[in-house]
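In terms of our numbering, the sequence shown opens at residue 6 and continues consecutively.
Calculated from the structure, these hints are not laboratory results.
Check each hint, because a few of them may be wrong.
Calculated lysine-lysine pairs in the DSSO-like style (CA-CA distance at most 30 angstroms, straight line) [to be verified]:
(1) Lys-243 / Lys-80
(2) Lys-103 / Lys-80
(3) Lys-226 / Lys-32
(4) Lys-33 / Lys-243
(5) Lys-185 / Lys-90
(6) Lys-185 / Lys-117
(7) Lys-267 / Lys-15
(8) Lys-288 / Lys-32
(9) Lys-181 / Lys-198
(10) Lys-227 / Lys-94
(11) Lys-94 / Lys-181
(12) Lys-181 / Lys-59
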Amino acid sequence: MAEEFQAAEKGKTRVTVGISGTGGGFKKFCNGETDISDASRPIKPTEVEACKKKGIDYIELPVAYDGLAIMVNPKNNWVDYITVKELKKLWEPEAQGKITRWNQIRPNWPGKEIRLFGAGVDSGTYDYFTEAIVGKEHTSRGDYTSSEDDNVLVQGITTDVLALGFSGVAYYESNKERLKLVPVDDENPANGKGPILPTYDDVMKGIYQPLSRPIFIYVNKKSADRPEVTRFIEFYMKNAGALSKEVGYIALPDKGYELALKRFTKRITGSVFGGHGSQVGVKIEELLKME
Numbered sequence: 006m007a008e009e010f011q012a013a014e015k016g017k018t019r020v021t022v023g024i025s026g027t028g029g030g031f032k033k034f035c036n037g038e039t040d041i042s043d044a045s046r047p048i049k050p051t052e053v054e055a056c057k058k059k060g061i062d063y064i065e066l067p068v069a070y071d072g073l074a075i076m077v078n079p080k081n082n083w084v085d086y087i088t089v090k091e092l093k094k095l096w097e098p099e100a101q102g103k104i105t106r107w108n109q110i111r112p113n114w115p116g117k118e119i120r121l122f123g124a125g126v127d128s129g130t131y132d133y134f135t136e137a138i139v140g141k142e143h144t145s146r147g148d149y150t151s152s153e154d155d156n157v158l159v160q161g162i163t164t165d166v167l168a169l170g171f172s173g174v175a176y177y178e179s180n181k182e183r184l185k186l187v188p189v190d191d192e193n194p195a196n197g198k199g200p201i202l203p204t205y206d207d208v209m210k211g212i213y214q215p216l217s218r219p220i221f222i223y224v225n226k227k228s229a230d231r232p233e234v235t236r237f238i239e240f241y242m243k244n245a246g247a248l249s250k251e252v253g254y255i256a257l258p259d260k261g262y263e264l265a266l267k268r269f270t271k272r273i274t275g276s277v278f279g280g281h282g283s284q285v286g287v288k289i290e291e292l293l294k295m296e
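Please work from the sequences and hints to get the whole structure.
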């Protein structure tokens, strides 16, 4: 988005983009160091408090929808799908040092070591995944290879036949020839029958559960009064649909971006999620109702 905006501005405005997990981004944002913070989950209570202490009012804007992908190495010929219960058994804190082999998840899988890759603890993806799978945000086993850089996770899985990991589906989309996507079964007929892949349609329809989520930007209200920031946000809302598809995310309906732009124009602060952090099962139409 920054690249496209800078091109449209013909060098008039420079957008500096820093890289970190959602949690690390909020630390800088709530300290007044950044104008805009990307987030792959809603703001949580500790961050609300940190912003409040520094007098930072924020405008929450949904920009796209995302599915979390469960991935294995393409040479893995035993995993055909996985259930939410199996994922919980694998990732909950009690699994640390105990659930270490594939056949402990499913008896007909090989008795070989399972090597796990996942988002780092400063990542909103980690927060959302643990809420959705383990049942409590920021809670999981610690003996896995973690990184806030999803490309590191992709590299780890592509070079290890015994690996299993998770990241945003956009990273699978840009590396699909090197990874195998695993369908997930939440065993809830209301969300579709059997194992489901995070395809564009199934994430958009809310069928791929519980690993679908909205993603956001948060804008410092004071920064929003600067003309270049206003121009950037207006550009963002007009182009987010097309550009999100280009990079592997799921666009919101046009109405979603209209509502978000209205929210920005009116300078409506706070979170429609009440500042409680990750919320599982929020479908696009529900997000629009909240807006």
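Quick rundown of the hints versus the structure:
1. Between Lys-243 and Lys-80, the direct Cα distance comes to roughly 42 angstroms. Violation of the 30 angstroms bound is thereby established for this hinted pair.
2. Our distance criterion of 30 angstroms between C-alpha atoms is met by Lys-103 and Lys-80, whose separation comes to about 25 angstroms.
3. About 16 angstroms separates the Cα atoms of Lys-226 and Lys-32, which keeps this hinted pair within 30 angstroms; it holds.
4. A threshold of 30 angstroms between alpha carbons decides the hint, and for Lys-33 with Lys-243 the separation of about 27 angstroms falls inside it, so the pair holds.
5. In summary, the hint linking Lys-185 to Lys-90 is supported, as the alpha carbons are separated by about 20 angstroms, within the 30 angstroms threshold.
6. A distance of roughly 19 angstroms separates the Cα atoms of Lys-185 and Lys-117; the hinted pair therefore holds under the 30 angstroms criterion.
7. Under the criterion of a C-alpha separation no larger than 30 angstroms, the hint pairing Lys-267 with Lys-15 is consistent with the structure, at around 26 angstroms.
8. For the hint linking Lys-288 to Lys-32, the alpha-carbon distance of about 28 angstroms falls within 30 angstroms, and the restraint holds.
9. The suggested pairing of Lys-181 with Lys-198 holds, with an alpha-carbon distance near 25 angstroms, which does not exceed 30 angstroms.
10. A hinted pair counts as satisfied when its Cα atoms are at most 30 angstroms apart, and Lys-227 with Lys-94 does not qualify at roughly 45 angstroms.
11. Among the hinted pairs, Lys-94 with Lys-181 is consistent with the structure: their alpha-carbon atoms are about 27 angstroms apart, no more than 30 angstroms.
12. At roughly 43 angstroms between alpha-carbon atoms, Lys-181 and Lys-59 are farther apart than 30 angstroms, so this suggested pair is violated.
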